[in-house]
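J.: Those sequence lines, one after another, are chains A and B.
With the numbering used here applied, the first sequence corresponds to residues 238 to 319, in that order.
With the numbering used here applied, the second sequence corresponds to residues 29 to 440, in that order.
Any given hint could turn out to be false.
DEER-style ranges, computed between Cβ atoms [to be verified]: (1) B:143 / A:295: 52 to 60 Å; (2) A:318 / B:294: 51 to 59 Å; (3) B:143 / A:254: 25 to 33 Å.
To be clear, the hints were calculated from the coordinates, so they are not data collected in a lab.
Quick reminder that beta carbons are idealized off the backbone N, C-alpha and C, glycines included.
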Amino acid sequence: MAHSEQDVLAGLAEIVNEESGIPASDVTLEKSFTDDLDVDSLTMVSIVVAAEEKFGVKIPDDEVKNLKTVGDAVHFIVAQAA
Amino acid sequence: MKTTVVVTGLGATTPVGGDVSSTWKAMLAGESGTVLLEDEWAQQLPTRIAARAAVDPREVLDRIEAKKLDRSGQFALVAAREAWAHAGAPEVDPDRFAVVVATGIGGVTTLLDQYDVLREKGPRRVSPFTVPMLMPNGPAAAVGLALGARAGVHAPVSACASGAEGIAYGLDMIRSGRADIVVAGGTEAAIHALPMAAFDVMMALSRRNDDPPGASRPYDTTRDGFVMAEGAGIIVMESAEHAAARGAYVYAEIAGAGMTSDAHHIAQPDPHGAGAARAIRLALTDAGIEPEQIAHINAHATSTPQGDVAESLAIRSVLGDTYAAQVPVSATKSVTGHLLGGAGAVETIAAILALDTHTAPPTINLDEMDEAIELNVVTGEPLGLPPGSLYALNNSFGFGGHNVALVVRGVR
């Protein structure tokens, strides 16, 4: 199922808020999960698994380390779901 | 000369109150925290009663903070924050600040819930926080992290003696010079089908489902087991010197501790209470006092047929039959139920407050005293204790043959 970039960003922001308490409005494309949003590695796993379920995609463990920014994750999910 | 160790903060969350003052008020009023479990999982169990926490810790903690903690860790954090605030939230040297939070069972509900997730949804869905949540040192580590303790975080595990052992461990840390200030106590959250079923098949739990408030009845002839409870008790302990330097209000001293093991049976108490008696003697010696100086006892008294008798024999063997028949004994598990790893800490707090307010709380549900007990058990109304600085004894025993006795000294 195809998702627009906006939809994925909004959905991901909701997940980040649910898992870490960070306000959804802070979750913007250029933000780094670790440096800007202070998401630790365990919380990142929760976010990835929740995103897989929400968007019906697979995010391999090897890929997670490449998802440094919110934009990286949004683009990966959009590409996978296309 | 041993370092004097004082108590400067108290925190608790129990089946009868979300903090120390509400818990103490309920103890004095003799209000039971035991309820009938309405949960579907409980309906198949022979025991369908338990003492649930009066305040759900998830209502107190930040949502994300709560999500990453087992319920036992949630209780510990709530009680530790209360105790720390109560102590004045002091600025301390983190390298001289330690945490000891004991548990009897650890994160058992997390373990079981995540096993359900594994079976129903697969390995990918198991929470990445499962290990830190289920490990028995999880609550201690969470409290240490929240308060910034760097002299060590520890989690003694000795079943139902754990909470008291946590305080004994804290005492050792300060006396041996490893820390100046220690946040110490115990926690438990095991009201779940499996632990309930497992304690029940041991014939350890009361099955008085038709009378939940009357189920925890230490020393009564019709007692039939303990009532599973949940919650935590935490105290702030520091060297008297450290407390004085910061002008802290002192509630009591932890004057001595004694710890022994029965080497008798994995779950049965030594019927003569010999190991318990040795622990009490060691605690008195450690405090440098004679048996006749004990003015109040907060007994372990879980409401099991054998355990209550074994403890009374232990008390009588150390205090002598005559003096043991005079000292006011409170069995506060009649009110709170049995907090397992949290019990010893909550009951140490009760003993501290009894000394500080010169009031021993009543033991409820004691309608007909078991003749084998022969102790002066406080019933009905709270009992006034004599004025002046008094000593109290707090006993805690656990499956495995663990015996922990603490001696507390009131300071006013």
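J.: At the C-beta level, are residue 143 of chain B and residue 295 of chain A separated by a distance inside 52 to 60 Å?
T.: At 24 Å between Cβs, range violated.
J.: Taking the beta carbons of residue 143 of chain B and residue 254 of chain A, is their distance inside 25 to 33 Å?
T.: holds (28 Å)
J.: Range first: 51 to 59 Å. Now tell me if the beta carbons of residue 318 of chain A and residue 294 of chain B are that far apart.
T.: holds (56 Å)
In the structure shown, a violation is registered for the earlier hint numbered 1 alone.
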